[in-house]
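Participant: This is what each chain is made of:
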Amino acid sequence: MLLINNLSFSRNDNIIFQNLNLSLINRSITQIRGKNGSGKTTFINVVLNFLESKTGEIFWEGKNIKKNIFNFYNKTTFIMDHNTCTRKMTVLDNINFWSRLSSSKLSKDEISLLLETFNIQKYQNTKTMYLSSGEIRKLELLRLILEQKKLWILDEPYNHLDDLSIEILNQTFIDHINKDGVILFTSHLKPSIDNLEVVDL
Amino acid sequence: MILIQKIFLFFKREAKLFYSNIADLFSNILFFFLSIFIFVFALGADEQLLRNVGMGIIWSLLLLSSTLSLRKFYEDDFNNSVIKIIHMGGISYELIVFLKIMSHFFFVQIPFLASIPIACVFFNLPINEVYYLILTFIIGSFILSCLGSISASMNLLNKTNFSIGSLIVLLFFIPVIIFSIGTNNSESDFNSLISLLLGIALIFLGISPWSSAAFIKLALRNK
Numbered sequence: 671m672l673l674i675n676n677l678s679f680s681r682n683d684n685i686i687f688q689n690l691n692l693s694l695i696n697r698s699i700t701q702i703r704g705k706n707g708s709g710k711t712t713f714i715n716v717v718l719n720f721l722e723s724k725t726g727e728i729f730w731e732g733k734n735i736k737k738n739i740f741n742f743y744n745k746t747t748f749i750m751d752h753n754t755c756t757r758k759m760t761v762l763d764n765i766n767f768w769s770r771l772s773s774s775k776l777s778k779d780e781i782s783l784l785l786e787t788f789n790i791q792k793y794q795n796t797k798t799m800y801l802s803s804g805e806i807r808k809l810e811l812l813r814l815i816l817e818q819k820k821l822w823i824l825d826e827p828y829n830h831l832d833d834l835s836i837e838i839l840n841q842t843f844i845d846h847i848n849k850d851g852v853i854l855f856t857s858h859l860k861p862s863i864d865n866l867e868v869v870d871l
Numbered sequence: 192m193i194l195i196q197k198i199f200l201f202f203k204r205e206a207k208l209f210y211s212n213i214a215d216l217f218s219n220i221l222f223f224f225l226s227i228f229i230f231v232f233a234l235g236a237d238e239q240l241l242r243n244v245g246m247g248i249i250w251s252l253l254l255l256s257s258t259l260s261l262r263k264f265y266e267d268d269f270n271n272s273v274i275k276i277i278h279m280g281g282i283s284y285e286l287i288v289f290l291k292i293m294s295h296f297f298f299v300q301i302p303f304l305a306s307i308p309i310a311c312v313f314f315n316l317p318i319n320e321v322y323y324l325i326l327t328f329i330i331g332s333f334i335l336s337c338l339g340s341i342s343a344s345m346n347l348l349n350k351t352n353f354s355i356g357s358l359i360v361l362l363f364f365i366p367v368i369i370f371s372i373g374t375n376n377s378e379s380d381f382n383s384l385i386s387l388l389l390g391i392a393l394i395f396l397g398i399s400p401w402s403s404a405a406f407i408k409l410a411l412r413n414k
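Respectively, the protein sequence lines represent chains D and Z. Going by our numbering, the first sequence opens with residue 671, and the numbers climb by one from there. Going by our numbering, the second sequence opens with residue 192, and the numbers climb by one from there.
Simulated from the structure, these hints should not be mistaken for laboratory data. For glycine and all other residues, C-beta sits at the position ideal for the given N, C-alpha and C. What you were told as hints is all true, and nothing was included just to trick you.
A short list of chain Z residues far from chain D (calculated; beta carbon distances all over 12 Å):
#1 Ser251
#2 Phe296
#3 Leu358
#4 Ile368
#5 Asn376
#6 Asp380
Within a straight-line C-alpha distance of at most 27 Å, the following computed DSSO-like cross-link-like pairs (lysine-lysine) qualify:
#7 Z:Lys414 with D:Lys745
#8 D:Lys797 with Z:Lys207
#9 D:Lys758 with Z:Lys203
#10 D:Lys745 with Z:Lys408
#11 D:Lys736 with Z:Lys414
#12 Z:Lys203 with D:Lys797
#13 D:Lys797 with Z:Lys275
#14 Z:Lys350 with D:Lys758
#15 Z:Lys263 with D:Lys758
#16 D:Lys758 with Z:Lys207
#17 D:Lys849 with D:Lys775
#18 D:Lys797 with D:Lys758
#19 Z:Lys197 with D:Lys758
#20 D:Lys778 with D:Lys792
#21 D:Lys736 with Z:Lys408
Based on the sequences and whatever the hints tell you, model everything.
Facilitator: In structure tokens, the structure reads:
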């Protein structure tokens, strides 16, 4: 479980958020909701230690994440609000890179099945620069299943997705929670997921 | 063991990117040869004159044409945050910088080596000077990769003016040029000059991973 204790962050004397407490237990899904520019992405970056917080600590399974940051990263999948696939590599090359980087145990058949569910199988050998932004987004979200980590942190996962993909994504979230996972995501939308905890920023 | 696999994975990705960007390399080499032609035509057909100035001109043009590619050093990976993904995969920023320097050395600088003997033909250089040139270029290009990593990481947030980055490389490269050209001089001791060059290479190999990693962290924080 992830415990966020008394977290505050300010940029140039401009307080983004202050004294934030949050505890994400296993089998829970939490949404950070807020209007544009309210600091959702900044909050995610502070949680992942890419930005230095002003006060407060973050604990993962009882240990301060700063003590062993790679131990925390090893259990985390982070989907950013922009695309991280390499534009000049093909879809399959990108997937192979991600799965080997995270030492994933998924077999080739499972990966092609995944591509089929997201309906991007026909682009396997196309360079990602020729895909539409919705398709690239779906490719990004494949990393969730590919990396098989316990904690999922997502920044605006619903961007560019069509209705069917949003449904599949919500179903994937529910499956992950049922498998003892933890999910934290930001969005300004109101997705229809049962037992969703909402934190307003 | 897993770390070694990840290092190989990194090089494999770099190799793939290199093959998809191979036109960049060819344009750099083309720039190198065209500027050599311009020098040869501008100096005239005096064989002795060309032979005297040849090594200096080849060295400075090699330097200029390899600085052309330095801008791309971290830019793509930084802009689409692949650097963050690789870092979360368990590789520290320092190691990323070191691997990036090595891959730049292998994939960008080493192909230039093949073009040096051809360039030497235009200046009618004697064969022992060609050997010296190739030997000093192997060490010098490694120093160039280290320097390029520092200047490229300093310029990650600078979207408009990259010439400042090239200035740093050119400034710090002056001693390398002095020692490399010195090997050609019959009065100077060849072995001691090579040791000096190797010393400079080791200094920059020590400095650049830490400093570049610090600049990358700073840039990610202010992105």
